[in-house]
Each structure stands twice: as structure tokens, then as C-alpha cells.
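*Asks:* Residue numbers (the numbering used here), protein chains in the order written: chain A, 4 to 316; chain B, 13 to 283.
Calculated directly from the structure, the hints in this document are not laboratory data. Hints are not guaranteed to be accurate.
[Claimed, not checked] Only part of the chain B face toward chain A is listed, based on derived beta-carbon distances under 8 Å:
(1) 20
(2) 23
(3) 26
(4) 27
(5) 28
(6) 140
(7) 171
(8) 172
(9) 226
(10) 246
(11) 251
(12) 253
(13) 276
[Unchecked claim] Here chain B is said to cover these stretches of chain A; the calculated rule only asks that three of the stretch's residues, wherever they fall, bring their Cβ under 8 Å from a Cβ of chain B:
(14) 135 to 148
(15) 152 to 162
(16) 284 to 291
In this text the structure is predicted, and so the values were computed from the model without any measurement. All residues carry an ideal CB built from backbone N, CA and C; glycine is no exception.
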Amino acid sequence: MQKYLLQRLATLVPTLFFVSILIFGLQQLLPGDPAIALAGEERDPAAVAYLRAKFHLDEPLPLRYWYWLSGVLHGDLGDSVRIQKPVTELILEKLPVTIQLAAMAMLIALAIGITAGVVSAVKKDTAWDYAANAFALWGLSTPNFWLGILLILFFAVHLGWLPASGYVSPFEDLKANLAAMIMPAFVLGNAIAAVLMRHTRSAMLQVLSSDYVRTARAKGLNERVVVLKHALRNALIPIITLGALEFGTLLSGAVLTEQVFSIPGFGKLIVDAVFNRDYSVVQGVVLFTATVYITLNLLADMAYFLVNPRMRG
Amino acid sequence: MRRLLRRGGAMFGLAVVAFFVLIALLAPWIAPHNPLATNWGAVRQAPGAAYLFGADELGRDVLSRIIWGARASILAGVVSVSISLSLGVPIGMLAGYLGRWVDALISRITDAMLACPFLILAIALAAFLGPSLANAMIAIGISATPVFIRLTRAQVLAAKSEDYVEAARALGNPHLRIALRHIFPNIVAPLIVQATLAIAAAVIAEASLSFLGLGQQPPAPSWGSMLNTARNYVDQAPWMAVWPGLSIFLLVLSFNLLGDGLRDALDPRQK
Chain A
4 MQKYLLQRLA TLVPTLFFVS ILIFGLQQLL PGDPAIALAG EERDPAAVAY
54 LRAKFHLDEP LPLRYWYWLS GVLHGDLGDS VRIQKPVTEL ILEKLPVTIQ
104 LAAMAMLIAL AIGITAGVVS AVKKDTAWDY AANAFALWGL STPNFWLGIL
154 LILFFAVHLG WLPASGYVSP FEDLKANLAA MIMPAFVLGN AIAAVLMRHT
204 RSAMLQVLSS DYVRTARAKG LNERVVVLKH ALRNALIPII TLGALEFGTL
254 LSGAVLTEQV FSIPGFGKLI VDAVFNRDYS VVQGVVLFTA TVYITLNLLA
304 DMAYFLVNPR MRG
Chain B
13 MRRLLRRGGA MFGLAVVAFF VLIALLAPWI APHNPLATNW GAVRQAPGAA
63 YLFGADELGR DVLSRIIWGA RASILAGVVS VSISLSLGVP IGMLAGYLGR
113 WVDALISRIT DAMLACPFLI LAIALAAFLG PSLANAMIAI GISATPVFIR
163 LTRAQVLAAK SEDYVEAARA LGNPHLRIAL RHIFPNIVAP LIVQATLAIA
213 AAVIAEASLS FLGLGQQPPA PSWGSMLNTA RNYVDQAPWM AVWPGLSIFL
263 LVLSFNLLGD GLRDALDPRQ K
């Protein structure tokens with residue numbers, strides 16, 4: 004275990020190093036003088052001069068990278084040019100909204116994805132199986148911003164059951180919060196449900212053909228107990244770890260979903276930053292996302308390691 | 013090929029893809045109206061005889077814009093995946109074939125790129141490059157490259173230890189010849205499968221970037237930007253949202269079906 008962990012951590016450092024180079028490098032893609040680009044549309048000469056000094060733009064590239072990196076390592080991701088706030092503060096401010104959205108989406112995805120996957124594996128090659136597979140294909144092929152618009156059209160415009168957009172803090176009014184979040188959470192969960200369904204189906208098919216399941220059946224156990232207690236429990240291990248890797252899909256999806264439903268979260272932060280040419284916010288958001296992804300990946304690996312005794316040897 | 017023909021889903025996918033490619037190519041001749049022509053008398057006109065799919069907020073024909081928009085979507089799918097392939101395959105072959113520090117270096121860079129979620133990396137790249145269809149294609153192409161590096165590397169590693177490669181090496185063939193003549197032909201099948209599925213992802217990504225205003229710039233038609241405008245008129249003109257979304261869905265579904273079919277046909281082991 005220790006050796007494996009050390010190996011895993013040893014690759015982590017260079018990966019993070021390249022992530023930082025990649026994100027720092029984004030700045031170099033800006034056409035023309037970055038100070039002018041960063042200063043926004045007004046091009047106030049004072050602001051340009053300030054930015055040139057602040058980002059050490061007159062100094063050589065490796066030195067500039069070093070200044071930037073040491074800031075990042077101290078938790079300083081720069082300041083938003085538009086809102087005049089530190090990027091770290093902005094991210095922490097918007098994050099809870101997206102965490103709630105993502106958590107609700109994941110719950111919906113797990114409920115739909117695992118149920119559909121189990122049903123299609125148990126009833127392989129029946130109408131149920133085909134329906135579940137068709138659902139997965141639909142989930143993978145539907146652009147989620149379109150699904151969002153369709154749901155708004157149906158549930159908000161036609162039926163008037165749910166608000167079309169907007170956000171209410173759960174601490175102000177929990178009911179209004181849930182009403183505003185349920186559609187976006189479903190939209191976001193839909194695509195992940197499809198992926199989880201496919202994973203669950205193949206994991207269940209594999210487990211269902213294993214010896215211990217045959218033994219359980221031979222003992223005369225109820226089929227329900229065999230499927231839910233013996234098979235699903237073991238199939239869940241790879242599903243959960245693979246589920247953790249869907250974090251990227253979740254965040255990418257959140258960008259579009261929050262845009263459609265006007266939810267002031269993490270995804271809307273990056274889109275607004277792109278429109279305001281607030282480049283340090285864009286960099287900060289990507290860096291933060293990548294770091295969280297790498298950490299989750301590591302945790303998922305460790306969880307897999309812990310729950311699967313065969314891996315420990 | 014015969015195995016592919018036997019699969020209904022894949023055939024459906026192929027037919028729909030061919031249909032969209034055809035209307036994209038024939039756009040100037042088959043579009044009933046000029047996709048950019050505004051008509052103040054037809055603002056948000058419901059679908060009917062004059063405008064089969066209805067008209068948009070400036071009185072432009074939705075059907076004609078869908079037909080012309082197919083160009084942006086298909087172009088984005090094909091060009092960005094070509095970029096990923098032309099970068100990812102040589103780099104992946106280098107990593108897999110040379111091994112050692114070259115492999116370690118390339119693998120860490122690939123890990124770093126994969127740590128940034130695909131769409132978020134594409135958004136960031138497109139934001140820094142500046143909004144245009146060409147830049148969106150570059151951004152999507154680069155963001156999708158690490159997947160191809162990984163796949164190529166893994167395939168090369170597997171092929172490298174095969175007897176026929178050992179034999180070629182024993183005969184004294186130069187490295188480049190072994191890599192190109194002996195290894196490459198044997199790793200093409202999974203790459204084709206992955207490329208087809210990547211086109212589906214690239215079409216969605218282009219629509220997403222256009223939806224966010226980072227792809228095809230108005231007034232040029234693209235399905236993603238049509239959906240972005242449609243969002244504001246969803247209660248008055250739902251047809252503005254229905255057709256572009258349905259087109260994206262159908263095209264992406266077809267590439268996915270085709271990719272799944274190709275995987276079953278070319279590589280029965282991967283099922």
C-alpha cells in the first residue's frame with residue numbers, strides 16, 4: 004500500500020507542474036500585448052502600465068512563470084480585472100451553488116443509472132434491456148443545453164409548474180431553492196446517468212456470471228437477494244470509482260446548464276469571465292478544476308485500493 | 013464491412029451522417045431562402061407554407077439556417093478530430109515506441125491535459141485564442157488530443173511485443189520503417205473507432221462553444237448559436253429551439269451509433 008501510494012504521489016508532482024505550465028501558457032495565446040488585452044476594452048493607459056508592472060511583463064518568460072507560480076502556491080490566483088476581487092474569493096463564493104447542483108445531479112444520475120443498468124443486465128436481451136440501452140444512447144447524444152430549453156418549454160412555459168430560471172439560496176427558502184434546482188439537476192444528471200448505466204450493465208453482467216452468484220442461486224436464495232445483495236454489492240466497486248471520474252463531465256455540463264438556467268455558480272463564473280475578458284478568472288477556474296480533478300482521481304484510486312483486497316497484495 | 017452492414021443501428025447512423033453531409037454540400041442549391049436575409053414582416057412567424065420550420069426573431073428562415081448550419085457542425089467535427097489525430101497519433105507512437113524518459117514526459121503532459129475537463133479546456137483555449145469557428149475547431153482539436161495520445165501509446169505498447177514486430181526488428185529494419193510499416197497498420201482499427209466517437213463529441217463541443225458565443229460568429233448560422241438566441245424566445249417561438257437541437261441530437265446520435273457499430277465490426281474483443 005505504502006509503495007503504491009508513494010508511486011502514485013511521485014507522478015502527481017510532475018503532472019501538477021505541467022498543469023501549471025499549460026494554464027500559464029494560455030496567457031501567451033493572447034494576440035498582441037497581454038497588458039492591453041487584460042486591461043479590457045477601455046485600455047486606460049494607467050491600467051495598462053499597472054498590469055505590465057503587476058505581471059512583470061517586461062521580464063523574461065521563465066521569470067514571469069516563477070512569479071505567477073509562487074503566487075499560486077500561496078493561494079493567490081490573481082485578481083479579477085472586472086469585479087476587482089481576488090479570484091480565489093470569487094471561486095469560493097460561487098462554489099457552494101455548483102456543489103449543490105452537482106450533488107443533486109449525481110443523486111439523480113445514480114438513481115436512474117444504476118437502476119437502469121441492473122434491470123438491463125438482469126433482463127439481458129429483452130425489451131427492458133433495449134429500452135435501457137436506448138436511454139443511454141439518448142443521454143449521450145443530447146446536448147444538455149437543448150434538453151434544458153425543452154424542459155423549460157414544457158414544465159415552466161406550458162405547465163407552469165417550475166420557475167424557468169433564477170436561483171434562490173437554500174437558506175432563504177428551501178422549497179423555492181429545490182424548485183429552481185430540480186430541472187438543472189436533472190439536465191446535468193441525464194448524461195451521467197447514461198454513462199453509469201453502461202458501466203453498471205457491464206459490471207453486473209460480469210458479476211452475474213461469476214461462481215459465487217451461481218452458488219448463491221444454487222443455495223436456493225431468492226433471486227432478488229442474489230441480485231441486490233450478492234451481485235450489486237460487488238458490482239458497485241468499479242461503478243463508484245468510475246463515477247468519481249465523471250467529475251469532469253459534471254463540471255463541463257454545469258457550465259452549460261448554469262448558463263441555460265441563469266444559476267450563479269462556478270460554470271457561470273467562467274462564462275462571464277470569458278465575456279468580460281477577465282483572463283485571470285478563466286485561468287484560476289481551470290487551475291482549480293484541474294487540481295480538484297487530480298485530487299479526486301487520487302482518492303478514487305485509493306478507495307478502490309481499500310475496498311478491493313486483491314489489489315493490496 | 014459485412015459485419016457493419018448487418019447492424020441496423022450503424023446503418024441508420026451512416027445514412028443520417030450521409031444525409032447531413034449531403035445537405036451541407038448542397039446548401040446553396042437546396043436552401044429555400046438566403047440564411048442571412050431578414051424579413052421584418054415574418055418575425056417569429058410560425059412554421060407554415062412560406063417558412064417550413066418557421067422564422068426567427070429577425071424573420072430569417074429557420075430551415076435555411078439549419079441547412080447552412082450543418083456546414084459549421086460537420087466541418088467542426090471533422091476538422092477538430094483531424095487536428096487531434098495528426099497531433100495525437102505521432103506523439104502517442106513516439107511515447108509507446110521509444111519508451112523511457114520520452115514516454116514518461118509525454119505521459120505526464122497527457123495526464124496534465126486530461127486533468128482539465130474537455131469542455132472547460134476548450135472554453136479556456138477558445139477564450140484566449142478569440143471567438144471564431146476556426147479557433148473553436150483548434151480549441152476542440154487540442155482538447156481532444158490527449159485521448160488519442162493515450163490510445164495510440166497503449167496500442168503501440170501492445171503491438172511492440174508481438175512476434176511480427178520482433179521478427180521485423182531481427183531482420184534489421186530501421187525503427188521508422190518498423191513503426192510505420194509494421195506497427196501502424198495494426199493499430200488503425202481502434203483509432204478509427206475512437207475518431208468516429210470523437211467526432212460526435214466534437215459536434216456537441218462546437219455547438220456548446222457556439223451556444224456560449226465562442227464559435228461561429230453571428231450572423232453566420234450555426235446550430236449552437238441558434239439555440240442560444242432561441243432561449244430568449246422559448247415561450248413565443250418554440251420552433252426556434254426545437255429544430256437546431258433536434259439536428260445536433262440526430263447528427264451526434266448517428267456518429268455514436270456508427271462508432272459503436274464500427275467497434276463491434278472491427279474489434280470484436282472490445283465489446
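*Asks:* Against each hint, give a clear statement of whether it holds in the structure.
*Replies:* Now the hints, each set against the structure:
Given the 8 Å rule on beta carbons, the hint for residue 20 (chain B) is violated: about 12 Å separates it from the nearest Cβ of chain A. Interface restraint check: residue 23 (chain B) against chain A, minimum CB-CB distance 15 Å, threshold 8 Å, status violated. Hint on residue 26 (chain B) is violated. Least Cβ distance to chain A is approximately 15 Å, over the 8 Å limit. The interface hint given for residue 27 (chain B) is violated, since its Cβ lies 16 Å from the closest Cβ of chain A, which is over the 8 Å cut-off.
With a cut of 8 Å, the hint placing residue 28 (chain B) at the interface with chain A is violated, because the nearest CB-to-CB distance is about 11 Å. Restraint check, residue 140 (chain B) versus chain A: the minimum CB separation of about 4 Å is within 8 Å; hint holds. For residue 171 (chain B), the interface hint is violated, the least distance from its beta-carbon to any beta-carbon of chain A being 25 Å, above 8 Å. Hint status for residue 172 (chain B) relative to chain A: violated, with the closest Cβ pair at about 22 Å, above 8 Å.
Annotation: interface hint on residue 226 (chain B) holds; nearest CB of chain A at approximately 7 Å, less than 8 Å. Evaluation of the residue 246 (chain B) hint against chain A yields a held restraint, the C-beta minimum of about 5 Å falling below 8 Å. Taking 8 Å as the C-beta contact cut-off toward chain A, the hint placing residue 251 (chain B) at the interface is violated, the least distance being around 11 Å. With a cut of 8 Å, the hint placing residue 253 (chain B) at the interface with chain A holds, because the nearest CB-to-CB distance is about 5 Å.
A cut of 8 Å between beta carbons decides the hint on residue 276 (chain B): the least distance to chain A is about 13 Å, and the hint is violated. For a cut-off of 8 Å, the count of residues in the stretch 135 to 148 of chain A with a CB near a CB of chain B stands at 7, and the three-residue condition holds. Restraint check on the stretch 152 to 162 of chain A versus chain B: 5 residues with Cβ-Cβ distances below 8 Å, three needed, restraint holds. Residues of the stretch 284 to 291 of chain A with a Cβ under 8 Å from some Cβ of chain B number 4, which satisfies the need for three, so the listed coverage holds.
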